[in-house]
Structures are given as C-alpha cells and as structure tokens.
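Quick mapping for you: the protein sequence lines, in order, are chains A and B. This note's numbering numbers the first residue of the first sequence as 1 and each following residue consecutively. This note's numbering numbers the first residue of the second sequence as 1 and each following residue consecutively.
No wet-lab data here; the hints were simulated from the structure. The beta-carbon is built from N, C-alpha and C at its ideal position, and this holds for glycine as well. Do not rely on the hints blindly, as some may be mistaken.
List time: in silico SDA-like cross-link candidates among lysine to any residue, alpha-carbon distance up to 25 Å [what the hints assert, rightly or not]: (1) B/K169 to A/H356; (2) B/K74 to B/L192; (3) B/K169 to A/G44; (4) B/K74 to B/M254; (5) B/K169 to A/R70; (6) B/K169 to A/P292; (7) B/K169 to A/S140; (8) B/K169 to A/N81.
Negatives, chain A to chain B, calculated, CB over 12 Å [as the list claims (entries may be wrong)]: (9) T61; (10) N81; (11) R88; (12) N94; (13) N100; (14) L161; (15) R248; (16) D263; (17) D272; (18) W328; (19) R339.
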Amino acid sequence: MTSLTKNAVEIHHLVKRFGQVTAVDDVSLSVADGEFLTFLGSSGSGKTSTLFIVAGFEDPTSGSVEIDGRSVLSVPPNERNIGMVFQRYTLFPNMSVRDNIAFPLSVRGRPQNEIDRAVAEMLDMVRLGSYAGRRPSELSGGQQQRVALARALVYRPRLLLMDEPLAALDKRLREDIQQEIRRIHRELGVTILYVTHDQEEALRMSDRIAVFSHGKIAQIGSGSDLYERPANGFVASFVGNSNMLRGRLRGVSERMASVELADGTVLHGLSDANLIHGTQVEIMVRPERLIPSSSRAGDLTSLQSVEGTVIDVSYLGEAVQYEIATRWQQNIVVRNDSRASGLELGASAHFSFHVHDALVFPTQPSAS
Amino acid sequence: MILTLNRMGRGRFVLYAIAGATSAFLLLPVVFIAFLSFGSSQWLQFPPPGWTLKWYEVLFADPRWLASMLVSLKVGLCVMALSIALGLPAAFAIVRGRFPGRAALHAFFISPMIVPVIILAIALYALILKLGLNGSFLAFVAAHLILALPFSVICIVNSLEGFDISVEKAAIICGATRLQAIRRVTLPAIRLGILSGALFSFLVSWDEVVLSIFMASPGTQTLPVKMWTTLRQDLTPVIAAVSTLLIVMTIAVMLVAAFLRRRIAR
Ligand SMILES: Nc1ncnc2c1ncn2[C@@H]1O[C@H](COP(=O)(O)OP(=O)(O)OP(=O)(O)O)[C@@H](O)[C@H]1O
Ligand SMILES: [Mg+2]
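Bound-form chain B, shown alone (with noise of 0.2 Å):
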C-alpha cells in the first residue's frame, strides 16, 4: 500500500487536520445544544453565564411535552413493526422473485428517499383530509411509514442478496418445508439486516418533522412537531433540553444496535 499513514511523514497530520475538523462541523451543533440545554440564560446566551437544570424540570412538569413525546415513541414502534412486516416480503419478491419488472419494484420501494419530502407531504396532506383521519394515530403511522419503507427493503435486501441460496436449498431437501426453512434457516441468517432495518425505521420516525406537521392536529402531536409549534411562538431553552433528549435517545438506540450487532455476529 503506498498510502500508509507511516509513509506520510508530515502530510499526516493535514490528515488529522481534516479529520478533527470534520469531525467538529458534524459534532458541534450537537454539543453546542446540550450546553445551551444546562445554561442558565433564558435567552439562549453561549457561553452560558450559570448552569442549571431547570429547564429539564419545566420540560418534565409540562404534560404536553411527555404527551408528545409518548406519540413519538408509540408512532416509531408501530412504523418500526410495520416497516419490516411490509419491507420482509417485498425484500423476498426483489432478491428471489423472476418476473418482469422486478427491478422497476425495487426502485419503486426505494423512491420514497428521492421524491421530495414535502411533494409527499402535500399529496398525503390531500388524501388524509379527504379521509378525514387528520391527526389520527393511523395518519401519522402511514406518512412515517412511507419514509421508513425504503429503509428496511435497502437493508433486508442487502443481507438477504449476501446469503447463500442454496443453504436455503439444504434445509428443504433436509425435510423442512419452504415455510420451515425460512423461519428457521434464512430468517435468523439475515437477523442483522432485518435489526438494521428496524432500528432505521424507527429513528426515521423518531425525529421526522415535515409529514408530522402536516399530519398533526392540535390535540395529536409527535415530539419533533411538538418542538417546532414551541418554537414558532418563542425561543426558550426547554427546547434545547427536548433536543438533548433526543440526541441521547438516538445515540441509545445506536448503541443497542452496535451491541446486537456484535453479539450477532460473534
């Protein structure tokens, strides 16, 4: 290899230059926000001139705020569920199935990550009303689900293209019926994939913003719409503390996940 970090010399610590600076740009407005969560300023001020936990005890005093954020974590859940029972079986179709037009489907399940957000948003917005479901459990379930979507198939079809038919092949002419050889063969082999693409799911409900906004009515609101209507009528650190509970509650789940991971791929 002649690009060793050895062989370098000086220009490595360009490198690390361009590293650590990268890393900042993407890690600063993260710190930047939890800081500001246990300042003491009302107006946001950075530095912070005191630190303090109050506007946690607002944040958790305020039923509105658990309210939404309970909405949240149910939406994610049932999107989560719902997302690898629809994306399990369209990943079987794109990987095994031989029709026409199978590669068309595959990027038909894949373009909700191309079209527009808020395209999508103004053409469910329409059908939701004409339904009558707006600000309905179910509303917000579907408009996620349609993001979410994408997500599983990407990461089941990409485990499912990595195992081997013919092991599949081996449990059937071992004695297991189809049925059996998929529940018991392929599934667990493509655990990991199907894990990814649940967790995936979920963080994309978690903090999806613009369908919500459009789904959510006064009384129904997901965490991140909750956010932004505070937001719009006035600047105050609780929303800094909502936003550092977000963060720790993603960086939770991708730690789950490494660990699942890892103990999946022992």
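For reference, chain A alone in the conformation it holds in the complex (with noise of 0.2 Å):
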C-alpha cells in the first residue's frame, strides 16, 4: 500500500541489540516533510544507534527505516542522500575549508564552476566566506561545526541528521549556532533529525521531540505537549524542572486523583494513567506554578496549596528560586518572578497550586 502522508522518514518497530545490550527496544516514529525532530534523552539510551541506522552506518537487528516510502535498508550509506554533522569534529584534515565544502559535489562529479557556485553559497549561509582557505586545525570548535553543517547541506540531502553537533561548545556559542541552525531549516526547509542530551536545546529548537529512555520512546510530542502534559513520570521529570510528590492514592473520579502523602496531606490533581488504588504514586507540579501566599488556600475553588519553610533561596536574575523543606520531609523547589514575592530565609509559607498543573503519575521503578 502506497502511503498518502507526506513523511520524509518513517520508522517502524526498530529494534538493535549489540550482544547483550538492547540499544534500540522497538522504536517506531515518523518525521513529516521538513520537520524539525529532535531525539532528547540521557547517555546509553539509544539516541546516536537509532541516528546511525537511519544514516547507515549500523544495520538494525530488526525493523525498517523508510525515507520517502522506500525501505532504506539494503542502501548504502554513500547513496542514501543524507547529510549529517556528528558530534565529533569530523572536517577531513587536509583540505581546506573550501575543499572539505566542495567535497560531496565533487565525489558526485559535478562540473567545477557549479561547485563554485554552491561552496560560495554554502560559506554566505554559514557566515565563514573569509575562511575558505584556511585548514581544519585553524579554525574554532563553532567554526568547525559550522563548516560541517555547510558540508552536510551543500548536495541539498533529502534528510539532514545531526548527532549533538554542539555538545562540546560553550553555552554561549552554542545558543549561538542553535539560532542559526533554526535560520538554516527555514531557510531550506530541509527535514532535520537532531540528537541532543540537553532539554533546552531541544525545547528551544524544534518542531517536535522524542523522549528517549533505555532505547524506547518514552512520549513524542511538541515541546509544550512534553512540558504540560507529560505522558509518565520519566517525561515530567527529564524535560523541565519538577517536583514529584511522593504518596499514596486515595481515589479517582473523572481523571482527577486525590493523593495523600506522609503526613495525611490530601492533594489532587489530574490522571490519565490507569492507577491502581493504594499504590504507591507522584504528584507533579512545576516549580514556577506553586504561588506562595500568606493563608491557606480554600477547599471550595480548584486552588491547593501546601505549607513549608523556606531553607535556601537562589537569585537568578529573572526568577527566584527557593527550596521548601515540607512537613513530609520531602525538599520541593518553587521559581518566582524575581520583582515578586520576597520571601525571607527561614520564612514559612503556604505555596498553592492549580489541581489541573497538577499531574499523578504511578511511581518510577527508582532505578533511572
């Protein structure tokens, strides 16, 4: 059957185990035609295999990758038409900025003033025209990753990977490239895989993300479908800051679940998960919606609130950071506007929240 969608790559129940090690565990996603897709997750959990398959480069234990409707699988690398920048510096030593540009077109054959033609262009998009002649090992980490990007790009793949390309550059340089990675995909609108570690990254720069953990995907989804609605406990804990409050589950009416935690505080929140009476479960809530108040909030409204002291506070110039010891010995962290409410060290205060920022989750198997 001939797909109607228009997805550029679509993956389907990848597995790939290396001897004992499951490093892909049953992957299926599709990317749309000039999405941005970044695949978020810790170290180990199977980000760079999945990229690599796609790329070629490793063979899946089973599965298929399709780009374009066409199983990719029994294609090499080198005919595939992807461009890809790795994490490492991978410019090829002894040529020259120009010639390592010019490299793809020339392996394809093509005439030299074309090829002039698109290394020109290539250098304008990733601003380095006036480094053309120099050699790999003069040019800075940004600069070099930016060379490699136009390298990737300057044979117009069908599918663009880039497997951390800015891990091992400052923040600043890389908040740096990241904008200018976003202009590029505008600009072209070439489809984009991206690999990262760092949720920020990914929030800030794409269309949608894949949460990887232990070689699955734990959600796929937008950046706020991730940050409002989490699917799991995993996906609520890894993309943003969280607090995760520990207790036990009382009841569920209509998706809303009441909890009480340690000390007999009952707080409530919205559930989609099928949880069990009894069991043990968390509580979600970000830090920046606990608002703290002098006065407890009332049962009527849809307002909760818990109470604690305060035991440390951070300035982050935009926002204020406090971290609350609670009644059930469990620290929870709150972010405020910093021209907001100025709580002192030492000060005890009630922090209330809306049930619906708050989700309930069944308890992680505590081994991450």
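Hey, can you piece these two chains together into the complex? The hints should help.
Below, the structure is given as structure tokens:
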C-alpha cells in the first residue's frame, strides 16, 4: 500500500541489539516533510544508534526505515542522500574549508563551476566566507561545526542528521549556532533529525521532540505537549524542572486523582494513567506553578496548597528559586518572578497551585 | 612542576654531565669511524698521523663496492614499497577489524622484532636453498621484508588508531564510496605514519647484515655483506670510508624524514 502521507521518514518497530545490550528497543516514529524532530535522552538511551541506522552505518536487528516511502535498509549510506553532522569534529584535516565543503559535490562528479557556486553559497550561509582557505586545525570548534553543517547541506540532502553537534561548545556559542541552525532550517526547509541530551536545546529548536529512555521512546510530541502534558513520570522529570511529591493513591474520579502524602495532607491532580487504588504514586508540579501566599487556599476553589519553610534562596536574574522543606520530609522547589514575593530564609509560607497544574503518575521504578 | 631545571640549583650540572656522557657514548663510534676514514694510516691508527681522501678514491674505483651499494639501494627500495603495500592492509585489519584473534594477529605481525634474527636466518636459509633462490635479489627482498614489516605495521597502526573513524564516516555519508573515502580522506590523514613506516623499512633493509650473509652469494652482495666479507680478509680503512658513507646516507634519510614530517604537520 502506498501511503498518502507526506512523511519524509518512517521508522517501524526498530530494534538494535549489541550482544546482550538492547540499544534500540522497538522504536517507531514518523518525521514529516520539512520537520525538525529532536531525539532527547540521557547518555546510552539509544539516540545515536537510531540515527546511525537511519544513516546506514549500522544495520538494525529488526524493523524498517523508509525514506519517502521506500525502504532504505539495502541502500548503502553514500547513496541515501543524507547529510550528517557528528558530535565530534569530522572535517577532513588535509583539506581547506573550501575543499571540505566541495567534497560531496566533487565525489558526485559535478562540474567545477557548479561546485564553486554552491560552495560560495554555503560559505555565505554559515557566514564563513573569509575562512575558505583555512585548514580545519585553524578554526575554533564552533566554526568547525558550521563548516561541517555547510558540507552536510551543500548537496541538498533529503534529510539532515545531527548527532549532538554542539555538545562540545560553550553555552554562548551553542546558543548562537542554535539560532543559526534554526534560520537555515527555515530558509532551506530541509527535514532534520537532531540529537541532544540538553532539554533546553531540544525545546528551543524542535517542532517535535522524541524523549528516549532505555532504547524506547517515552513520549513524542511538541515541546509544550511534553511540558504541559507529560505522558509519564519519566518525561515529567526529564523535560523541564519538576517537583515529584510522593504519596499513596486515595481515589480517582473523572480523571481527578486524590493522593495522600506521608503527613496526611491530601492533594488532587489530573491523571490519564490507569492508577490502582492504594499504590504509590507521584504528583508532579512545576516549580513556577507554585505561588507563595500567606494563607491556606480555600477548599471550595480548585486551588490547593502545601505548607513549608524556606531553607534556601537563589537569585537567578529573571527569577528567584526557593527550596522549601515540607512537613512530609521532602524538599520542593519553587520558582517565581524575581520582582514578586520576597520570601526570607526561614520564613514559613503556603504555596498554592491549581489542580490542573498537578499531574499524577504511577511511581517510577527507582533505577533510572 | 617540582622537577624544573631552574629549581634544581647545582644539581642540574650533574644532569648536564649525564646527558653529555650519554650523547658522547652514542656518538663516539660514529665520530671515530669518520675520523679514521680520512686518516692516512693503513692500520687504522688513532689519532691519525695525517689526513687523506685516498680510501674514498679506492672505494669509488672498485666496481664491486659500487655494485653492492646498488644492490643495497634496490633491495631497500623494493622492501620499502612491499612493506607498505603489505603493512597498510594489515594495519587496517588490525585496527578496524572485528574478528576473533585480532590481538593475536597484531602480535604475530610484530613478532619478527622479537624472534632472534639468527633463528630467522637459519630457517630462511634452509627454505631459500631448497627453492634454489640463494644469492637472488628475491631472497634479499623476502628476508628483509620479514624484518621491515613490523616497522610499517607499528607506524601505520599507531596513526590509524589516532584517526577518528567518524571522519571517514562523514566522507561516506557525503556520498563517497568506502574506497574513495579511504583514498581521499583516510590515507592523507595518516600519511605521516605511512611515511615513517616506509623510511624505517628502508633503513632496516639498508643496514641488515645477519640475514643478508645467509642470503648472499659471491655474485650478489648487499653493502653490509660486502663490508663483512672484506673485513674478514683484511682490516682496510676503505671499510671506514664505506661506514662513513653508510652513516651519511642514514642521516640524509632521517633529515628528509624530518623535513617531510614538518611539512605534513604544518
Ligand atoms: N558498537 C557498539 N557495541 C556495543 N554496544 C554499543 C555499541 N554502540 C552502542 N552500544 C550500546 O548501546 C546503548 C545505546 O548507545 P547509543 O550510543 O545509541 O546511546 P546515545 O543515546 O547516543 O548516548 P550518548 O548520549 O552517550 O551519545 C549503550 O548502552 C551503548 O553502550
Ligand atoms: Mg550518542
């Protein structure tokens, strides 16, 4: 059956084992034409393995990879028409910047005048025109990765893969190049599969994010999907900051779960999962959704509150972050606009939040 | 750093003395032989009673010396070429291969450096006699190649291990075939290792004596063999002249190597 969707990439039930280790464990996803999709996950979660299978450097144990509706598993990597930027610096050390960028066209046997034109255009795009004659060893890390990006795009690949291209750069530079990659994505409309373990980077750049955990996709969705409606406790704690309050499930009605904390406090939160009465659960609340107030929130509104003592205050510029000790022996983090509430160290306060800002998940297995 | 020269006070003069003595120990034979080659004494008297170029005249007038020099040069160049031709694929297999016994294979390729040369010589002699190849050009090349191969394998393995395979992968995803990627990216990147391997291989062959004595026939001799046989007949200062030439040749090769290395590393 030929599909009518305009997906650039379709991955079905991909599995990759290295001996005993299952690096990729039944991954399925599709990437729309022109989409910027990011694999986000901690070290060893299978991001690179998945990317390398798409690139053709590894064969999957099972499963399929289709580009534009055709399986590419039997196509060698050099014929897949894919561009790639690696985590490590991979410019050809014996060639100038210009020759590096020209390389993909030169192996394709394109005429010299066409090569010159394309290389000049790419140098312009990554703003390195004056560096054309330099050797890679004469460039900074950020410049090298921009040349690598130009080299990966000069032949207009169907798909661009980027495996943590900015991991080795410092924060300022990273943000500059993130901007640049975004701009190039907008200008060229190329489909991008991007890998990072930096959630801020993922949120800033991507149309959609696939959160990897132990070789599986824990959730796939837009940044706000992941942040506002995490599918499970892992995603909730991995994407953005969060407080996970441990308690026991008291009951569920109409997606609203009530949870009893260790000290007897009962809180409410939304839940999609099938929760079992009496089991251990976690309530997730984002630090910025906790609002300090002098008194306890009323029972009739959909506001609820927890009480605690400020044990640490950190001034972060645009925000202030408080660490709060609670009566059920679990510290929580509260983050507010720095111009708002000025809570002193040792102060005792109520922190109120909306029931819709609290999500209830089954407790994660403790091994992460 | 605790151990800097400035901090050592007087102690550093001890260090200078040790370094000087070691250098002298290493250089003395070389300097000595060079002096003798220009000395006028027939009996290799030291210090020489007078100076002369006579022994060099004798040397260049004797076609047998020149013939053996030419043999050495040809054998050395052949060994160099073959050592790289075999060492390069071997190094790729050792570094890139994923097969059982890879480490054992690596050790095996290095083993001619460890096996006593005399044992190799006797074994090879028996084989070469049986094949009727003694005294042949081929016998010299084969024998020297055994000793030279470890050097090219070690040099190329080292540089290949220092080369990030991601760079080759990048070339492949850019559209190059495996072979194109190796030819246009990997080989240029490891050319320093290849060059070192080639030079070492040449030098190993150039001054090899033990195997060569077993391979030689009165008709075909390499320079060191010719020196050895001459020495056994009489101790003439011509030997000193030949030795000096050998040393000059070796220094020349090293200088060329250093020059190329600097250009490549640029
Ligand atoms: N060639 C290999 N041989 C054996 N195991 C491997 C190989 N490549 C990857 N693995 C294993 O597979 C798992 C996933 O690795 P992968 O490189 O895909 O992770 P990753 O998400 O890219 O991590 P990182 O952020 O550290 O790059 C890891 O446990 C790793 O040890
Ligand atoms: Mg990785």
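Exercise for the section: Mind verifying the non-interface call on A/N81? Its CB should be farther than 12 Å from each CB in chain B. Expected result: violated, 8 Å
Exercise for the section: Determine whether the non-interface label on A/R339 survives the test: each CB of chain B must be over 12 Å from its CB. Expected result: holds, 48 Å
Problem - Distance restraint between B/K169 and A/R70, which requires alpha-carbon spacing of 25 Å or less - result: holds, 23 Å
Exercise for the section: Would you assess whether A/W328, listed as outside the interface, keeps its beta-carbon beyond 12 Å of every beta-carbon in chain B? Expected result: Per Cβ check, A/W328 is outside 12 Å of chain B; nearest 49 Å; holds.
Problem - A/L161 non-interfacial with respect to chain B [C-beta, more than 12 Å] - result: violated, 8 Å
Exercise for the section: Take a quick look at whether B/K169 and A/S140 sit within 25 Å of each other, Cα to Cα. Expected result: The given pair, whose Cα atoms are some 22 Å apart, holds under the 25 Å limit.
Problem - Claimed clearance of chain B by A/R248, with the beta carbon kept past 12 Å - result: holds, 50 Å
Exercise for the section: Given the hint that B/K169 pairs with A/H356, test it: the Cα-Cα distance must not exceed 25 Å. Expected result: violated, 49 Å
Practice task
Quickly compare the C-alpha distance for B/K74 and B/L192 to 25 Å and report which way the hint goes.
Solution key: This hinted pair holds, its Cα atoms lying about 23 Å apart.
Practice task
Sort out whether A/G44 lies within 25 Å of B/K169, counting only the CA atoms.
Solution key: Holds, because 21 Å separates the two Cα atoms, which is no more than 25 Å.
Handout entry: Exclusion check [A/N94 not at the chain B interface, CB over 12 Å]
Key = Nearest chain B Cβ is 4 Å from A/N94, so the label is violated.
Exercise for the section: Say whether it holds or is violated: A/R88 keeps its Cβ farther than 12 Å from all Cβ of chain B. Expected result: A/R88 is in fact no farther than 12 Å from some Cβ atom of chain B, at 5 Å.
Hint violations for this structure: numbers 1, 6, 10, 11, 12, 13, 14, all remaining hints satisfied.
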